[in-house]
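Take the given structure of chain A and dock chain B to it, following the hints.
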Amino acid sequence: MSWSSEQQSIQFPSPSLTRHSLWRVPLSIAQVTFQEVLRDKVLTQVFVLTGLLFLATALAAQISPAMTSRILADFSWGTLLISSLVLAISQGAIALKKEVDRRTLFVVLSRPIYRSQWLLGKFLGLSGVILLNGTLFATLMEALLYLWVDSNSFIAPLSTRVGADMLVIVQSLLLVSIALFFSMMTSASLAIALTFGLYLIGSSHSQIVWLINQNQGAPGGILRDSVFLIPNFELFHLSRYLTYGVPVDGIFLLTRAAYGILWCVLFLTLGGFILRRREF
Amino acid sequence: MLSIENVQQTFRSGFLMHSKEILHGVTFQVPKGSIFGFLGPNGAGKTTLIHLIVGIRAPTRGHVKIKGFPARSLEAKRLIGYLPERPYFQEHLTGEGLLRYFGSLAGMTREELGRRIPEALESVGMSQARKVELGNYSKGMLQRIGIAQAILHHPELLVLDEPMSGLDPIGRKEIRELIVSLARQGRTLFFSSHVIPDVEAICDQVAVIDRGKMQVCGPISDFLSEKSELQFELILRCDTRFEDLLSGVSLGGDFMLDGLRWGQLPEDRVRVVVSGERMAERFLQLIASESRYKLISFNPIRPSLESLFSSKVSVGKGPNELVK
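If you read the sequences in order, they're chains A and B. For the first sequence, our numbering gives the first residue as 18, with consecutive numbering after it. For the second sequence, our numbering gives the first residue as 49, with consecutive numbering after it.
Only chain A is shown next, with the shape it has when bound in the complex:
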């Protein structure tokens, strides 16, 4: 091998160059993150879960042919919920640790970028994976429903089914941002535990408020107020709408989606604030 041994001087760029697009860096990071996670986990997970769903539905259809459509709709929504939950929490919590362990983060942070751009890029990349996972899964389920269910069977309207899937995806994006937020200040395993804990509390929002309302004292008032500082994950669960076939409209879905996105922005802003001060 021969190295280039020219002695010519090169033109060094000026340190005061115009700052490049704020979006280009996050998008580059998002693209690499998306490719990496997709290659690692997602396709395998989708295929395994789809296979299991096929088996479960076939069994359910044999046990109760009349209820096949309902079982399939409920089961597919539940499977999408669980797979997105696992994907969002695990990938969000280990994103930072993985990059620190293999020292790729150090090269990235030595570049002229803001740390919050890295965080945003990670979020966008993982969001892309969540979106792809959800879309693939929902499409497969719709195909199954189309193939297996006759037109006389009871099934929730398409808007409800699509809306339920969409809100699961929004919920997963929120979980990614929460997991990223916790991973900025603690270990990956603790970030997983904290995110899951917050999800459990947020999924029991109405029960917690009801319990607090039983106690009308001063501590109850503080608790009742503080529960609103936790995202209400119940808003993303349309299982009852699916079960009873209640139709939903665009405004209904958009307000809930906007609620989730606002929480994402809040957690990412806090995460960026912590990351800016974090030492590696």
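What the hints contain is simulated information worked out from the structure, not anything from laboratory work. It cannot be assumed that every hint is accurate.
[Unchecked claim] Listed next, the in silico DSSO-like pairs over lysine-lysine satisfying Cα-Cα at most 27 Å (straight line): (1) K113/B to K80/B; (2) K113/B to K179/B; (3) K115/B to K115/A; (4) K115/A to K187/B; (5) K68/B to K114/A; (6) K115/A to K221/B; (7) K114/A to K221/B.
Structure of chain B alone, referenced to chain A:
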């Protein structure tokens, strides 16, 4: 080019946040256009200081400036190319994809990337492997592609953390040659190592750190000329015992004389090391007068950094260890 002023770094760890001082008031300058070797045993604080230079950490006290810009500023980061120790990049990327990724993070446009990626790959001898995924790269190839990403955006200052770590002798020689060729293009190179010959071979400036404290710093020639006396190595063939020669000239009865060391080699040969030109001359006259001893070779021993480091670095205490 690079200025480190009274830098102190403290880490806090454990539940009770016990603090541990890693760097104690380190101060030095790296002149523009130099190849600066940063030597120290394992655990001396080399990587910590490099993290401060590339803006990954902020010093607890003191200042790190690159061309007058604080190391954590975007302006300073535009001037730096960085290769971490034992780089491990995203395995799914190809060599070209990796450069595209890091180039875009450095703010390079699509056109600049299209022009400079082939140049960077060519300069590290990796053009053939540009479409190969990094998961299939050898350690040496990863090191080279790591250097390619560091030089891609034409940084003025290259910071390489143990660039020859884990490489075989041929790989190390190649990286040394590459570092020299990069310096010829007008770059300033700052690289850390715990391997003395690597630094000695290519650096014009050197600094030694041990347990977070700067031991020596300056032009390498200054340290080599510090040794007042040159040493010479002689290989002799002896028909009789070498000790007889020494006792015959009343140099003393023991074998380790002041300024003279010797050791037996196979086939009746003896290796003698003498210190100082006067001693060497005297010894050569002695050999010439004695027919039982035949001089096979006579070579000056080049002054080395080893002895300097031995005196400056506390070897063998804890994790510190220098490779000689």
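Hint check results:
no., hint, result
1, K113/B to K80/B, "holds (13 Å)"
2, K113/B to K179/B, "violated (38 Å)"
3, K115/B to K115/A, "violated (33 Å)"
4, K115/A to K187/B, "holds (20 Å)"
5, K68/B to K114/A, "holds (23 Å)"
6, K115/A to K221/B, "violated (32 Å)"
7, K114/A to K221/B, "violated (34 Å)"
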